[in-house]
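Novice: Chain by chain, the residues run as shown.
2 protein chains.
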Amino acid sequence: MAKMLRVNMSTLEVNEEKLPEKYRNMGGRGLTSGFVLDEVKPDCHPLGKNNKLVFAPGMVTGTSAPSSGRISAGGKSPLTGGIKESNAGTPFAQDLGRSGYKAVVVEGLPEDSDKRWLLVIDSEGARLEEVSELKEKKTGATVEVLKEKYDNHDFALVGPAGEWKMAMAGICYNDPEYRASRYSGRGGLGAVMGSKGLKAIAVEKRMGKVELADEDLFKRGQRKLVEGLRKHDVTKPGGTLNSYGTAALINVLDQAGGLPTNNFSSGTFEGAEKTAGETIAETVEKRGGKGMMGHSCHPGCVIQCSNVFPDEDGEELVSCLEYESDWSLGANLGIDDLDQIARMIDICNEVGIDTIEAGVVLGVAMEAGLAEFGDGEKAIDLLEEVGKNSPLGRVLGNGASFTGKAYGVTRVPTVKGQGMPAYEPRAVKGIGITYMTTPMGADHTAGYTVAPEILSVGGEVDPMTPEGKAELSRAFQATTAFVDSSGYCLFTTFALLDDETAMEGMVETVNGVLGTDFSVDEVVEAGKEILKKEREFNLKAGFTKADDRPPEFMREEKLPPHNDIFDVTDEQLDSVWDF
Amino acid sequence: MAKMLRVNMSTLEVNEEKLPEKYRNMGGRGLTSGFVLDEVKPDCHPLGKNNKLVFAPGMVTGTSAPSSGRISAGGKSPLTGGIKESNAGTPFAQDLGRSGYKAVVVEGLPEDSDKRWLLVIDSEGARLEEVSELKEKKTGATVEVLKEKYDNHDFALVGPAGEWKMAMAGICYNDPEYRASRYSGRGGLGAVMGSKGLKAIAVEKRMGKVELADEDLFKRGQRKLVEGLRKHDVTKPGGTLNSYGTAALINVLDQAGGLPTNNFSSGTFEGAEKTAGETIAETVEKRGGKGMMGHSCHPGCVIQCSNVFPDEDGEELVSCLEYESDWSLGANLGIDDLDQIARMIDICNEVGIDTIEAGVVLGVAMEAGLAEFGDGEKAIDLLEEVGKNSPLGRVLGNGASFTGKAYGVTRVPTVKGQGMPAYEPRAVKGIGITYMTTPMGADHTAGYTVAPEILSVGGEVDPMTPEGKAELSRAFQATTAFVDSSGYCLFTTFALLDDETAMEGMVETVNGVLGTDFSVDEVVEAGKEILKKEREFNLKAGFTKADDRPPEFMREEKLPPHNDIFDVTDEQLDSVWDF
Numbered sequence: 003m004a005k006m007l008r009v010n011m012s013t014l015e016v017n018e019e020k021l022p023e024k025y026r027n028m029g030g031r032g033l034t035s036g037f038v039l040d041e042v043k044p045d046c047h048p049l050g051k052n053n054k055l056v057f058a059p060g061m062v063t064g065t066s067a068p069s070s071g072r073i074s075a076g077g078k079s080p081l082t083g084g085i086k087e088s089n090a091g092t093p094f095a096q097d098l099g100r101s102g103y104k105a106v107v108v109e110g111l112p113e114d115s116d117k118r119w120l121l122v123i124d125s126e127g128a129r130l131e132e133v134s135e136l137k138e139k140k141t142g143a144t145v146e147v148l149k150e151k152y153d154n155h156d157f158a159l160v161g162p163a164g165e166w167k168m169a170m171a172g173i174c175y176n177d178p179e180y181r182a183s184r185y186s187g188r189g190g191l192g193a194v195m196g197s198k199g200l201k202a203i204a205v206e207k208r209m210g211k212v213e214l215a216d217e218d219l220f221k222r223g224q225r226k227l228v229e230g231l232r233k234h235d236v237t238k239p240g241g242t243l244n245s246y247g248t249a250a251l252i253n254v255l256d257q258a259g260g261l262p263t264n265n266f267s268s269g270t271f272e273g274a275e276k277t278a279g280e281t282i283a284e285t286v287e288k289r290g291g292k293g294m295m296g297h298s299c300h301p302g303c304v305i306q307c308s309n310v311f312p313d314e315d316g317e318e319l320v321s322c323l324e325y326e327s328d329w330s331l332g333a334n335l336g337i338d339d340l341d342q343i344a345r346m347i348d349i350c351n352e353v354g355i356d357t358i359e360a361g362v363v364l365g366v367a368m369e370a371g372l373a374e375f376g377d378g379e380k381a382i383d384l385l386e387e388v389g390k391n392s393p394l395g396r397v398l399g400n401g402a403s404f405t406g407k408a409y410g411v412t413r414v415p416t417v418k419g420q421g422m423p424a425y426e427p428r429a430v431k432g433i434g435i436t437y438m439t440t441p442m443g444a445d446h447t448a449g450y451t452v453a454p455e456i457l458s459v460g461g462e463v464d465p466m467t468p469e470g471k472a473e474l475s476r477a478f479q480a481t482t483a484f485v486d487s488s489g490y491c492l493f494t495t496f497a498l499l500d501d502e503t504a505m506e507g508m509v510e511t512v513n514g515v516l517g518t519d520f521s522v523d524e525v526v527e528a529g530k531e532i533l534k535k536e537r538e539f540n541l542k543a544g545f546t547k548a549d550d551r552p553p554e555f556m557r558e559e560k561l562p563p564h565n566d567i568f569d570v571t572d573e574q575l576d577s578v579w580d581f
Numbered sequence: 003m004a005k006m007l008r009v010n011m012s013t014l015e016v017n018e019e020k021l022p023e024k025y026r027n028m029g030g031r032g033l034t035s036g037f038v039l040d041e042v043k044p045d046c047h048p049l050g051k052n053n054k055l056v057f058a059p060g061m062v063t064g065t066s067a068p069s070s071g072r073i074s075a076g077g078k079s080p081l082t083g084g085i086k087e088s089n090a091g092t093p094f095a096q097d098l099g100r101s102g103y104k105a106v107v108v109e110g111l112p113e114d115s116d117k118r119w120l121l122v123i124d125s126e127g128a129r130l131e132e133v134s135e136l137k138e139k140k141t142g143a144t145v146e147v148l149k150e151k152y153d154n155h156d157f158a159l160v161g162p163a164g165e166w167k168m169a170m171a172g173i174c175y176n177d178p179e180y181r182a183s184r185y186s187g188r189g190g191l192g193a194v195m196g197s198k199g200l201k202a203i204a205v206e207k208r209m210g211k212v213e214l215a216d217e218d219l220f221k222r223g224q225r226k227l228v229e230g231l232r233k234h235d236v237t238k239p240g241g242t243l244n245s246y247g248t249a250a251l252i253n254v255l256d257q258a259g260g261l262p263t264n265n266f267s268s269g270t271f272e273g274a275e276k277t278a279g280e281t282i283a284e285t286v287e288k289r290g291g292k293g294m295m296g297h298s299c300h301p302g303c304v305i306q307c308s309n310v311f312p313d314e315d316g317e318e319l320v321s322c323l324e325y326e327s328d329w330s331l332g333a334n335l336g337i338d339d340l341d342q343i344a345r346m347i348d349i350c351n352e353v354g355i356d357t358i359e360a361g362v363v364l365g366v367a368m369e370a371g372l373a374e375f376g377d378g379e380k381a382i383d384l385l386e387e388v389g390k391n392s393p394l395g396r397v398l399g400n401g402a403s404f405t406g407k408a409y410g411v412t413r414v415p416t417v418k419g420q421g422m423p424a425y426e427p428r429a430v431k432g433i434g435i436t437y438m439t440t441p442m443g444a445d446h447t448a449g450y451t452v453a454p455e456i457l458s459v460g461g462e463v464d465p466m467t468p469e470g471k472a473e474l475s476r477a478f479q480a481t482t483a484f485v486d487s488s489g490y491c492l493f494t495t496f497a498l499l500d501d502e503t504a505m506e507g508m509v510e511t512v513n514g515v516l517g518t519d520f521s522v523d524e525v526v527e528a529g530k531e532i533l534k535k536e537r538e539f540n541l542k543a544g545f546t547k548a549d550d551r552p553p554e555f556m557r558e559e560k561l562p563p564h565n566d567i568f569d570v571t572d573e574q575l576d577s578v579w580d581f
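Those protein sequence lines, which keep their order, are chains A and B.
Residue numbers for the first sequence follow our numbering, beginning at 3 and rising by one.
Residue numbers for the second sequence follow our numbering, beginning at 3 and rising by one.
Where hints are given, some of them may not hold.
Identical copies carry no separate label here, and so any pair may be met within one copy or between two of them.
Here are the simulated DSSO-like pairs of lysine-lysine, each with C-alpha atoms no more than 30 angstroms apart in a straight line [as the list claims (entries may be wrong)]:
#1 K43 - K547
#2 K117 - K560
#3 K542 - K560
#4 K24 - K530
#5 K390 - K24
#6 K390 - K380
#7 K530 - K43
#8 K560 - K51
#9 K542 - K5
#10 K560 - K43
I should point out that these hints are in silico values taken from the structure, not numbers from a laboratory.
The shape of chain A in the complex, shown without the other chains (with noise of 0.2 angstroms):
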């Protein structure tokens, strides 16, 4: 029998329930996404009772399949005021997917809001255990405390900005050398958890073991996939993603003008070569000391793209220096310190908040007048008021739209109130479509046409053209939705497009774990399923076409050194969704 939790944050009540049947093959994004709009009234504030926070573990997660550790996190989002679903990779993934509960459902809010409450799934039961002395402690130091206690477990947490309820919080997940470092942080869900008083969850390492419903399958399809990963060039060890980690974007995507610079006024970067990734490498090889290159988020990962950035004196400073976190606060603000770029990923990771909106906010912040841009000293400054709860800590820890409005910012790259990452709509149209379609608000990670646009994997498109695009978002959104649901890293997608056997392999794995049929066409249709459902949900909320557009100025704004705008049209946008 499948089974899930469902934690009554108002009666402080955990109860195992069996999952309802209709769930019963659905994992990750699916699941969460299917809970929210069964279970959520879509017109509810997202901090009040109403709402509910949602996690499951992907449908393979748990098992030995390759980069398969990641975790989704779903509710309605205080950010976008839509559906969120934002996943994580982490021990903490396998650990539920373990565990048998393929869902935890945690809804309602408690009566005393002062208090603090840990959800503990182990060998010993599911059940709430009072913690409000962590009230407002940061995340690492939160991870420490737990662990104290919890020797044989990992953590889901909030820190102290999830617990102020500000809309760009996120959910916090130890790493397997239990930093808190991995992050569901899009669109402020730690905000939800803050808001009904949880400041953790402690799942016991491996409870139990996921059940195969087809080992056999399940084993042929994971050598296929894991040998797909080894060959592909982006995937395999000593591949770009090992060797240099995803900020190998940054010169890429600055040589094709789409590295969005100073609030996205410019696609270049004068500073992107010292942030690039190549030249994080060598400082990590450098400084040497703690410092390392082809980290892993979670164990079994064959990618190992994360890594440990040091200090001058070897000293570990923060984990990880990514391509998003590297742009947003580095070549978004003009910044090319990659010390003061960790450093400030480290108050982001340790406050407990995204580090992509943290930058989208700083860029606004920085178009208002409140620092120049390249000042990393007073960036540094500036998002430090966030961990402070002072006014303006809060006006800036509610997001980038919110910090526009405060401040009259009409150059606010935004949808759906939720922060652009790092490609430029106007350089990299079909990304662009992504960001203004995507049930979730701007999000790279919901449809990466990237990889044809500029990275000629999966095929090769022209950037700069919209044509066509409208028709490769919707199917690498809908990819996008069974990946998220499987439990797979979406980096798996490299060698998935470019590699047909790797692709029935994945396919097989997920099979052979649910005793299913998915052909690799089916899939698509899946995904397909999953987006209808929230965008079903964003409708009922209250969200029409005129939330899957561009902010005003990039239909007006050239950018360099294209110059060109972002010259989609509405019904080309529209047509996403014509199916």
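Model the placement of chain B on the given structure of chain A, informed by the hints.
Specialist: Just chain B, lined up with the frame of chain A:
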């Protein structure tokens, strides 16, 4: 030839144009909403170059018609994101009516955002003059400076809040004695004016006369209307409004259990009596000096509901202490000290913000724990942050929804982002329906069903029942759209509703000015056409039925003393638009 002015802030050109023929028989709100729908991109940024700010005097404004000195300002609201019309009573309205310009359309954005401009409309022509020396000057001081040079003019202007583009900034006008005290307060149009660098407009008094198409008809109508106003208990000299001001409603609403108290957590206020209109009148009489009741916002008003509130020494403290401000900064905050309330109104007037929104903001701030309910001195401190443009001031200055979001508050009494006025939807269901469904955001003046629900004017209906209220609200909204176009003060409707002859007279004055042949019945139809345009703009801007809903807590929390929720169904709300 009917003419208009077009003011381009990008090129700093002022051009006289022919008023488009289709607007020929329009005025006030009908005209501003027509221009906004026709000329403003619904999805534009409210503070960007594509928004426009439109001023239009009413159809009869500038004539000797009684209580008709109203000016409408319109544009896309930075507060609601939808269409906005906000009208005020001031001699400026009458001057503009007599200038012959049926509308002034301000568009574009100045290149240099540090400069400030004055639009002068007088016998020397219409022109822009640089007045950068007035940058961030408060309203009173601004009027003083302007008056030195333009001593035969009246003024529209923004305070610093408008220049800082705060979403609760209003447009200020002088009263007959040149107090900076009359406001197009709601919806943040002051921020639109501020964004355009337009600090003020000066219009010469009596540049000309309003042409009358049929002087006899006009005079006949005028006599009927004056008689009606002089006869009705609410509007007559020595009647309720004239003797006690609009704050006569404090006791009435308190007794009806519909006076929102402590951020809409009760419908009765212990301190009601201490802040009631009757007490204001007593205090004014007792203190003497410069205080007065029965003050007019513009010459030629029969009703004279305004006042000048003196301090203990008889020195002028503020004009005026009217119901909405008295409530928003009083009962709504649990404050029962008239002097504290008066000081807060003065701060609002000087900084240039809407008193209703300011009070709702402070209620939400108290809910967030920034001050205790009832703590007047702390409330004043908070309000003063707005005038300091501090980070906290920027939070508060952007309105109640914004403040609620900044602090993660779930009890936020707003609709479409605009703070609710002084009538509790859970105790007066019809006005609640108006709040939810008017394109303006929560606005009592958009369809004042309080008249029959509470005041037994225009009939008598049970305020607690939802039955028949959608129809009632629709009828009131339609009539109001016409009245707001005519230039008549909404308070004329007390007489219009109870007195057919007065209603006839009102319509005759309009026909007398325009040469039209509106019948009384056609007034409602003409009003509906305006509503449809406003709704059309909002739909294009992305509004849906989800925006016509109460805040969640009003459907869940029972309001003392009646202990009822807002039990109007979604279907009933939506039926307002079935026409």
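Novice: Indicate which option fits the pair K542, K5 if close means a Cα-Cα distance not exceeding 30 angstroms: within, between, both or neither.
Specialist: This pair counts as within: shortest intra-copy Cα distance 29 angstroms, inter-copy 45 angstroms.
Novice: Is it within, between, both or neither when you check K43 against K547 at 30 angstroms Cα-Cα?
Specialist: So K43 and K547 pass the 30 angstroms test inside a copy (21 angstroms) and across (15 angstroms) alike.
Novice: Could you place K24 and K530 in one of the four classes (within, between, both, neither) given a Cα distance threshold of 30 angstroms?
Specialist: within (17 angstroms within a copy, 48 angstroms between copies)
Novice: Checking an output row: K530 and K43, CA cutoff 30 angstroms. Within, between, both or neither?
Specialist: within (22 angstroms within a copy, 33 angstroms between copies)
Novice: Regarding K117 and K560, is the shortest C-alpha distance of 30 angstroms or less found within a copy, between copies, in both, or in neither?
Specialist: Intra 51 angstroms, inter 26 angstroms, cutoff 30 angstroms: inter-copy only.
Novice: Please sort K542 with K560 into within, between, both or neither, judging by C-alpha distance up to 30 angstroms.
Specialist: between (35 angstroms within a copy, 26 angstroms between copies)
Novice: Is it within a copy, between copies, both, or neither that the alpha carbon of K390 lies no farther than 30 angstroms from that of K24?
Specialist: Neither way: K390 and K24 sit 45 angstroms apart in one copy and 57 angstroms across, limit 30 angstroms.
Novice: Indicate which option fits the pair K560, K51 if close means a Cα-Cα distance not exceeding 30 angstroms: within, between, both or neither.
Specialist: Between copies only: 16 angstroms across, 45 angstroms inside.
Novice: Given a CA cutoff of 30 angstroms, do K390 and K380 count as a within-copy pair, a between-copy pair, both, or neither?
Specialist: both (15 angstroms within a copy, 22 angstroms between copies)
Novice: Pop the pair K560 and K43 into one bin, within, between, both or neither, using alpha-carbon distances up to 30 angstroms.
Specialist: between (41 angstroms within a copy, 20 angstroms between copies)
Checked against the numbered hints listed earlier, the structure breaks hint 5 alone; every other hint is satisfied.
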